[in-house]
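What follows is the residue order along each chain.
Protein chains: 2
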Amino acid sequence: MIKIAIDAMGGDNAPKEIVKGVELARNEIDNVEFQLFGDSTQINSLLSNKKRIKVIQSDEVIKMEDEPVRAVKDKKNSSLVMAARAVKDGSADAFYSCGNTGAILVAGLLIIGRIKGIDRPGLITTLPVINNDTGFTLIDCGANADAKVVNVYQYALLGKYYAEKVLKINNPRIGLINNGTESDKGNKIHQKMYQALSQNDDINFIGNIESRGLLDGITDVAVTDGFTGNAVLKSIEGTALSMINMLKDGIINGGFGSKMGALLLKDTLKKIAHKMDYTKYGGAVLLGLRAPVVKSHGSSKAKTVRNTVVQIEQIITSNFVGSVKNYFSNHTDEMDDIKKGEQ
Amino acid sequence: MIKIAIDAMGGDNAPKEIVKGVELARNEIDNVEFQLFGDSTQINSLLSNKKRIKVIQSDEVIKMEDEPVRAVKDKKNSSLVMAARAVKDGSADAFYSCGNTGAILVAGLLIIGRIKGIDRPGLITTLPVINNDTGFTLIDCGANADAKVVNVYQYALLGKYYAEKVLKINNPRIGLINNGTESDKGNKIHQKMYQALSQNDDINFIGNIESRGLLDGITDVAVTDGFTGNAVLKSIEGTALSMINMLKDGIINGGFGSKMGALLLKDTLKKIAHKMDYTKYGGAVLLGLRAPVVKSHGSSKAKTVRNTVVQIEQIITSNFVGSVKNYFSNHTDEMDDIKKGEQ
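Top line first, the protein sequences correspond to chains A and B. FYI, this note's numbering numbers position 112 of the first sequence as 112, with every residue one higher than the one before it. FYI, this note's numbering numbers position 138 of the second sequence as 138, with every residue one higher than the one before it.
Chain A on its own, in the form it takes in the complex (with noise of 0.2 Å):
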């Protein structure tokens, strides 16, 4: 049985539809125990039936404005940290929340920590792409604005890890964002990251590739350093929100001729929305740690909670962090090559 412990009152619809999105996958999902941490009287009352959940209660709440490391450290009551903790004694195998993303990171990374060998955990998120229904999975999305070359060769691994066990695509592409696709684009690091990429033959790297073609299906993951992946991620994310908000705007105030034309175009629209929608790939997970931190946006609502305990469960069932922990623990001394590299 895997167990999953969820910081039930984390974002802004908990602990509401955090109850019902659990609810929603325990009765999709045989093999999953769900430990839900928060306000036990709320969710008890939210609850249907305690099928496979348990609700531990937890006295404290860390806010989405919290300033997340001292959070972290003062509120050891809150459900956000008593779930990370239960994943550090061994009591559930993956910590998920919909709360304040900076204290998510700091609690997986001080809480759970990281595997041996990796030296910065990175965030990654799985979007679409037109043609295929794997999508492409950007890492790192903003755990590590400062990354050096190290951190950005380690993702590309932890990306294809990724890649293979848990979306099942096989020999998966890997592509460094940079200005342009030729080998000695961009600034200096990224001319090494280029380089320390090329040269590692257990990864299918395809080269620099231009962040216009990832919906395209350019690559399957897209690895990054933290600031300009965030950059990437809100831009794509901003770009299909502002278009869709400029269709929906032109169609209400088009008059009845374009009401009636989105009645009849209801079905494609319906399949881009869904197209478009990247809750189905689940949520956000720090890769790199000890066992999987994930984290869904603060506005989630239940069949985002549905789709994430999904994610987790595929995560924990491929052995994704065994797998990572077997490279990394096999491979010092090519890490060690790079930071020497670096210097």
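No wet-lab data here; the hints were simulated from the structure. Some hints could be false.
The list cannot tell twin chains apart, which means a pair is met if one copy fits it or any two copies do.
Using 27 Å as the maximum straight-line C-alpha spacing, the simulated BS3-like pairs for lysine-lysine come out as follows [as the list claims (entries may be wrong)]:
#1 3 <-> 50
#2 185 <-> 73
#3 301 <-> 248
#4 16 <-> 185
#5 50 <-> 303
Starting from the known structure of chain A, arrange chain B on it as the hints suggest.
Below, chain B alone, put in the same frame as chain A:
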């Protein structure tokens, strides 16, 4: 009379669409004289009349795949280099090409040269915003991938003058692209950029901004290093294009009802296409040089060429370069202080 030196051989549709676009602009704008550099036989055969158009023979062409620095050095009789040289010699006021981007930047920097006090020029592009017509202006879009604090500081000033003088935005808002809006966000260099920008009373600095909100009009000018700017620009372009293609595919493959729907929605879809069409703002401008150096996409058609000529006329008429020269000649100490602070 404003004189624009144009590389008539640059781009995928040269010289035909360049000549066509120049004639469109010439028929609308009275105060511009055009100097077309290229194969004079071809160009002359395409021109319907030569009013305010001079054709200057050039025997070479810089190709899209040529290595920029070598091409500018070796192909002195190319249309691109000759057009840039016309500006350097004072026989033209601006240089425009749809050709090899790298070669345009190199020719601008090496032949036309920087304004005194500006360390590195920055490439700007104006992109659409849903709820206004002035869009937002992104600087640097990729001229300088290894940006220092002083470069981004200067981009903010260049962006301010461009938005104020050319786009006629009163007291334009300047935001720094970062991975969060709080003042301490970002990696070390972005934290220093924030500090420097917040100390300049000559700009309306609104602080850190996230790329998610750019199309929603959160700022008039978005400043960033050229690596991030390039990734943001290409992410926005790629996402917008992918979504439009998805809609088109959905309509084409959606049967009769969907085609009827599209017909009824035609005006709405046209409005969105017009809104997202950023060629209406002209091309990308390399700012910080002694004269405007403007490039538009290699695939540009006549309408984009026409729009870019309008943009160049506005840059010259507004005396953008004069205002920038004036600011930087009076603020040399300020730039020195920022460079000292960076060490």
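Evaluation of the provided hints:
1. 3 <-> 50: Classified as within: same-chain Cα gap 15 Å, cross-chain 78 Å, threshold 27 Å.
2. 185 <-> 73: The answer is between: 20 Å across copies meets 27 Å, while 42 Å in one copy does not.
3. 301 <-> 248: within (21 Å within a copy, 30 Å between copies)
4. 16 <-> 185: For residue 16 and residue 185, the Cα distance exceeds 27 Å both inside one copy (49 Å) and across copies (32 Å).
5. 50 <-> 303: within (19 Å within a copy, 65 Å between copies)
The structure does not agree with numbered hint 4 stated previously, though it agrees with all others.
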